Amino acid sequence: MRKVDSADLDQLTLGATLLGTGGGGDPFIAKLMVEQAIQDFGAIDVATLDELDEDDLVATVAVLGAPTVIVEKIPSGPEFTNAVRALAAYLGKEIKAIMPVEVGGMNTLIPLAVATELGVPCVDADGMRRAFPQIEMTAFTLAGLSASPMSLADEKGNKVTFETTSNQVGEKLVRGSAMMLGLANAVSLYPMTVRQAKDAAVWGSMQYCSDLGRLLRAVQHQEDGAWDQLLEFTEGVVAFEGKIIDLDRRTTTGFARGTVTIEDFVDPGRTMRIEIQNELLLAIADGRAVVTPPDLICMLDHETSEPITTETLAYGQRVRVLALPCAPEFKRGNWLDVVGPKAFGYDVDYVSLEG
Amino acid sequence: MSYRIGIDVGGTNTDAIVVDGSGAVVAATKSATTPDPFDGIRHSMEKVIAGIDTNEVTQAMLGTTHPANAIIQRRGLQRVGAIRLAAPASMGVRPGVAWPKDLLDTIMGPIDIVGGGNEFDGTPIAPLDEDAVRRFAAKCAGTVTAIAISAPFSPATFDHEERAAQIIEEELGGEFAVSMSHRVGALGLLERENATILNASLLGVARTVVSGFQTALAENGLVVDSYITQNDGTLLSAEEAVRFPVLTLGSGPTNSMRGACSLAGLADALVVDVGGTSADVGILVDGFPRESTAAIEVGGVRTNFRMPDLISIGLGGGTVVRETGGEVTVGPDSVGYKVVTDALVRGGDTLTLSDISVHVGRLAGFGDRELVAGVSRATSDAALAWVDEQIRIMADRMKASRHAMPLIAVGGGSHLVPDEVAGVTEVVRPNHHAVANAYGAAIAEASGSIDRVFRFEERGRQASLEEARNLAAEAAIRSGADPNQVRITSVHEVPLSYVPGQACRVQVKAAGPLAP
Numbered sequence: 001m002r003k004v005d006s007a008d009l010d011q012l013t014l015g016a017t018l019l020g021t022g023g024g025g026d027p028f029i030a031k032l033m034v035e036q037a038i039q040d041f042g043a044i045d046v047a048t049l050d051e052l053d054e055d056d057l058v059a060t061v062a063v064l065g066a067p068t069v070i071v072e073k074i075p076s077g078p079e080f081t082n083a084v085r086a087l088a089a090y091l092g093k094e095i096k097a098i099m100p101v102e103v104g105g106m107n108t109l110i111p112l113a114v115a116t117e118l119g120v121p122c123v124d125a126d127g128m129r130r131a132f133p134q135i136e137m138t139a140f141t142l143a144g145l146s147a148s149p150m151s152l153a154d155e156k157g158n159k160v161t162f163e164t165t166s167n168q169v170g171e172k173l174v175r176g177s178a179m180m181l182g183l184a185n186a187v188s189l190y191p192m193t194v195r196q197a198k199d200a201a202v203w204g205s206m207q208y209c210s211d212l213g214r215l216l217r218a219v220q221h222q223e224d225g226a227w228d229q230l231l232e233f234t235e236g237v238v239a240f241e242g243k244i245i246d247l248d249r250r251t252t253t254g255f256a257r258g259t260v261t262i263e264d265f266v267d268p269g270r271t272m273r274i275e276i277q278n279e280l281l282l283a284i285a286d287g288r289a290v291v292t293p294p295d296l297i298c299m300l301d302h303e304t305s306e307p308i309t310t311e312t313l314a315y316g317q318r319v320r321v322l323a324l325p326c327a328p329e330f331k332r333g334n335w336l337d338v339v340g341p342k343a344f345g346y347d348v349d350y351v352s353l354e355g
Numbered sequence: 356m357s358y359r360i361g362i363d364v365g366g367t368n369t370d371a372i373v374v375d376g377s378g379a380v381v382a383a384t385k386s387a388t389t390p391d392p393f394d395g396i397r398h399s400m401e402k403v404i405a406g407i408d409t410n411e412v413t414q415a416m417l418g419t420t421h422p423a424n425a426i427i428q429r430r431g432l433q434r435v436g437a438i439r440l441a442a443p444a445s446m447g448v449r450p451g452v453a454w455p456k457d458l459l460d461t462i463m464g465p466i467d468i469v470g471g472g473n474e475f476d477g478t479p480i481a482p483l484d485e486d487a488v489r490r491f492a493a494k495c496a497g498t499v500t501a502i503a504i505s506a507p508f509s510p511a512t513f514d515h516e517e518r519a520a521q522i523i524e525e526e527l528g529g530e531f532a533v534s535m536s537h538r539v540g541a542l543g544l545l546e547r548e549n550a551t552i553l554n555a556s557l558l559g560v561a562r563t564v565v566s567g568f569q570t571a572l573a574e575n576g577l578v579v580d581s582y583i584t585q586n587d588g589t590l591l592s593a594e595e596a597v598r599f600p601v602l603t604l605g606s607g608p609t610n611s612m613r614g615a616c617s618l619a620g621l622a623d624a625l626v627v628d629v630g631g632t633s634a635d636v637g638i639l640v641d642g643f644p645r646e647s648t649a650a651i652e653v654g655g656v657r658t659n660f661r662m663p664d665l666i667s668i669g670l671g672g673g674t675v676v677r678e679t680g681g682e683v684t685v686g687p688d689s690v691g692y693k694v695v696t697d698a699l700v701r702g703g704d705t706l707t708l709s710d711i712s713v714h715v716g717r718l719a720g721f722g723d724r725e726l727v728a729g730v731s732r733a734t735s736d737a738a739l740a741w742v743d744e745q746i747r748i749m750a751d752r753m754k755a756s757r758h759a760m761p762l763i764a765v766g767g768g769s770h771l772v773p774d775e776v777a778g779v780t781e782v783v784r785p786n787h788h789a790v791a792n793a794y795g796a797a798i799a800e801a802s803g804s805i806d807r808v809f810r811f812e813e814r815g816r817q818a819s820l821e822e823a824r825n826l827a828a829e830a831a832i833r834s835g836a837d838p839n840q841v842r843i844t845s846v847h848e849v850p851l852s853y854v855p856g857q858a859c860r861v862q863v864k865a866a867g868p869l870a871p
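Protein sequence lines, in the order shown, are assigned to chains A and E. The first sequence begins at 1 in the working numbering and counts up by one. The second sequence begins at 356 in the working numbering and counts up by one.
Possibly wrong hints are sitting among the right ones.
Straight-line Cα separation of at most 30 Å, DSS-like style, residue types lysine-lysine; simulated pairs [claimed, not checked]:
(1) A:K3 <-> E:K456
(2) A:K198 <-> A:K3
(3) A:K342 <-> A:K198
(4) A:K342 <-> A:K159
(5) E:K494 <-> A:K156
(6) A:K172 <-> A:K159
Listed below are several chain E residues computed to face chain A (Cβ distance under 7 Å; list not exhaustive) [what the hints assert, rightly or not]:
(7) P443
(8) A444
(9) S445
(10) V448
(11) V452
(12) A453
(13) D457
(14) P507
(15) F508
(16) G543
(17) L851
(18) P855
Calculated from the structure, these hints are not laboratory results. Just so it is clear, the structure is predicted and the values come from calculations on it, not from any experiment. For glycine and all other residues, C-beta sits at the position ideal for the given N, C-alpha and C.
Please take these sequences and the hints and turn them into a complete structure.
See below:
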C-alpha cells in the first residue's frame, strides 16, 4: 500500500491527459477535486490487487456525462459516495476498495477523491488503461464480467440502480438517465471480488499512468534520452510528424465526431488522417489504416510536447502523433467486436503496431 | 479634421500617437516609462499634441500594463468575497483551491457555495438561496471591498447572478462593488470565476488608471471620450473599464499586431514584433490576431480569456553574440534597452545582433560602423544565418496553411528581419512601425461577443447562428460601434459530445468603428 498525496498529482494528471487520447474529460478539474479531497480527508491509500483480500468486494466509480457540461457544473463529491453506497446497499455487501474504470482522462483521478472520502483504498488497476466513450468497452466485459448492478447518482440525492442483461444495455440506460439528471453524474459499476479483478483488470495502470506522466514531463524539459525512454516504456512509435491542414467537425450524433488531417513537414504529398469520436480513434496514413482501436493515438504539440485535446485542435498546429499499444488485457474473447475498429463503425481491420 | 490619440504604456517605453479621421499618423513620440506611469503618460501626451488644435481631438485610447503588473506584483489589489451559486452541485472544487498561496492571502476574503445556478438546459439546479446570499453579504461587510458572484451556465442563464447582486446591493448599499461572472468570462466555471475574482480585486487599480488618464487629458486641455483597449484589441469605454479591468490584461501584443495590420494595410498576414530582448510572431486573420487555444494563466491563476496566439523567442536588437573556439552562438541573453550604450557600434564592448545588422548593412544610422570593422564576415554570416532560420521557423509555425503570405515586421529590432523569408510573399516594413502598439490603440474599434450553448435541434443551425450573430452585433453596438458598420469578425462552433439535441457551443464576435 502506498500513499498518494498532492505532490503526486502533477505527473498522474499529465499521464491521464496523454492516455485520454484527446478526450476523456479535462483531468485538471479532477486534479483540483482530489487536491480538495486530500485537504478535507487526507492522503489516499493506493493498493495493488495482491495487497487486498481475495474475497473483498471492489467497485469502479466514474463521472458520467458530457465533458463540456462538467467544466460548468463541476462535480460535488457526495454524488460519488452516494452511487457507491447505493450499489453496496443493493448488493447488501460492503465495498472494500474503489477502482477506476478508465485510467485516461478525468476518470483516472476521480476515484482517488472518492476513495479518501469513503476511507477505503483505491486499487492500482482499471478496465482500459486509456479512455473510451462507452462503459462496456472494458477488459472487464471481455473477461465476462457484468457492469451491473450499477448505480447512477446526481448531486441532489437522486439515485437509480440498474440490473441489465448486457453491458451494452447498461450503457444505454445510464446514458439516458444522465441526460435527465443534468449530464454530470456519478456512476458506480462493475462490482467484483478482488479474485475476479485479478483475472479481469489491467494491473498497475495507475502506476503506469504516473510513470508515463513523469517520462513525458522529462520530454517536455528536453532531458537527454527522454524520448527514447518514453518510447521504450510504452513500446510506442512516433507515427507521424506534421502540421494540421484540415479540421472537419460534425454534429450528426451525440458524439463529437470529426476528421483531422496532418501534412508531413518535409513532404506535402504525405498526409495522415485521424478520425475522432470524442477520442482520437483511427489513424490513416497515405490511404492505409496504421493505428486502430484499441491501440492509442496521442497527439502532442511538436514544440512543447503538451498533449492536445480534440477540443483544442486548430489549423496550423504542429504536432507529433504517438501510437501506443493497448493494454494486453484487451486482447481476449471477442475483443475486436467490443473495442476494435468495427465497434466504432469503421470498416477497417485491426492493425497491430508491431506490424 | 478630427483626431484621436493613442497611448501605449509598456514595460520600457510609453508611446503616443495622433491620427486623423482617415487613420493617417499626424504625430508620434516614444519616451521611457516612468516609475509613476502617469508622469510618462502626461509627458508623452503633452509632446504628441504640441502644435495640434486640441479642440479637434475627439477620442483618446489607452493601452496599459497597469492591471497586469498589479497582479504580477501583488500590488494595489483589493480583498474580495467570492460566492458561487451552485449548491448542491460544484462543491468538489472550492473557489481559490488552485491559486498561488500569496495571491490567495492578498485577495481572498470569505468564500461560500450556496443554492442556485442552472443546468445546461437552463433549468435551475436549485432555487437561489436568498437568505444564504444575505448572510454572505453580512459576513463580507467591513472585511472586503468587493464581491465576485459566479454560477454554472451563467453565460446562458444569468438571473440568479443578477438577483444575488441585487440582494448584496440591498444589504451593503449601491456603492459596494459587485462583479458578476457572466459579464466577465466565457464557459468554464472555474476559469470564469477566477477571472471574476481577479476583476473584483482590480477595481481600485482600474479607478486609478482611468482617473489618472482622464486627469492627464484634462491637464492637456483635452475634452474627449476616453477608452481603454482590451485583450482582443477592441475598446472598453472608460466607464466599462472601471468595472471590467480584467478584460484589459493582455492588450499589449494585440495592440501591436492590430497596429501593424493597419499601418501595412493588410488584413491577413504574419506579424513579427522584434524588440530589444525578444521577438513575437503572431498571425492576423481578417484583421484580428488569431487566438490561442491554451489556458491562459494570469499571475498563476488559470483563466479562460482569449489571448493572441504568439510564439516568442529570445531574438532582439540587444541579443548577445559570442564567438568561442570558432563557433558562433547567439543569445539567449540580451543587453535589452542598454543596447544604446553597450553595443560595439555605440562604443560599448558587447557584440549584439544590432552590431551584426550594422556590419552587414541591414541597419543604418545606429552608431559607428567602423567600430565593428574587426568582426569577421564569417561571424556575421553565422549569426545572421541563425536569425534568418529562427524567423523562418517562427513564421512557418504560425502559418495556417502552406500558402505563402506577407510578413509585417515592426518594433525597434525589426531591422533584423531579412527581406526574403521562405514561405513569405514579401516582408512589409510600414512607416511608424516603432509605435505600432500606440497606433493599434488609436485605431481600435468597439466590439461585442457571445459564448453560449445552442441546441440546433430546437430551431435549426442556421436560425441559431443567426441569433448568435445578432446578439454579438447588438453587444458591439451597445459598446459604441457604429450600427451601420458593425460586422461579424469570428464564428466558432464546437459540438458538445454526449449532449442530446445537437447541442453546440457557439462563440461569435462582432466589431465596428466607433460611432461618430
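These are the hints, each one checked on the structure:
no.: 1; hint: A:K3 <-> E:K456; result: holds (24 Å)
no.: 2; hint: A:K198 <-> A:K3; result: holds (21 Å)
no.: 3; hint: A:K342 <-> A:K198; result: holds (28 Å)
no.: 4; hint: A:K342 <-> A:K159; result: violated (34 Å)
no.: 5; hint: E:K494 <-> A:K156; result: holds (27 Å)
no.: 6; hint: A:K172 <-> A:K159; result: holds (16 Å)
no.: 7; hint: P443; result: holds (5 Å)
no.: 8; hint: A444; result: holds (5 Å)
no.: 9; hint: S445; result: holds (4 Å)
no.: 10; hint: V448; result: holds (4 Å)
no.: 11; hint: V452; result: holds (5 Å)
no.: 12; hint: A453; result: holds (5 Å)
no.: 13; hint: D457; result: violated (18 Å)
no.: 14; hint: P507; result: holds (4 Å)
no.: 15; hint: F508; result: holds (5 Å)
no.: 16; hint: G543; result: holds (5 Å)
no.: 17; hint: L851; result: holds (4 Å)
no.: 18; hint: P855; result: holds (6 Å)
Of the hints listed earlier, those the structure fails to meet are numbers 4 and 13, in rising order.
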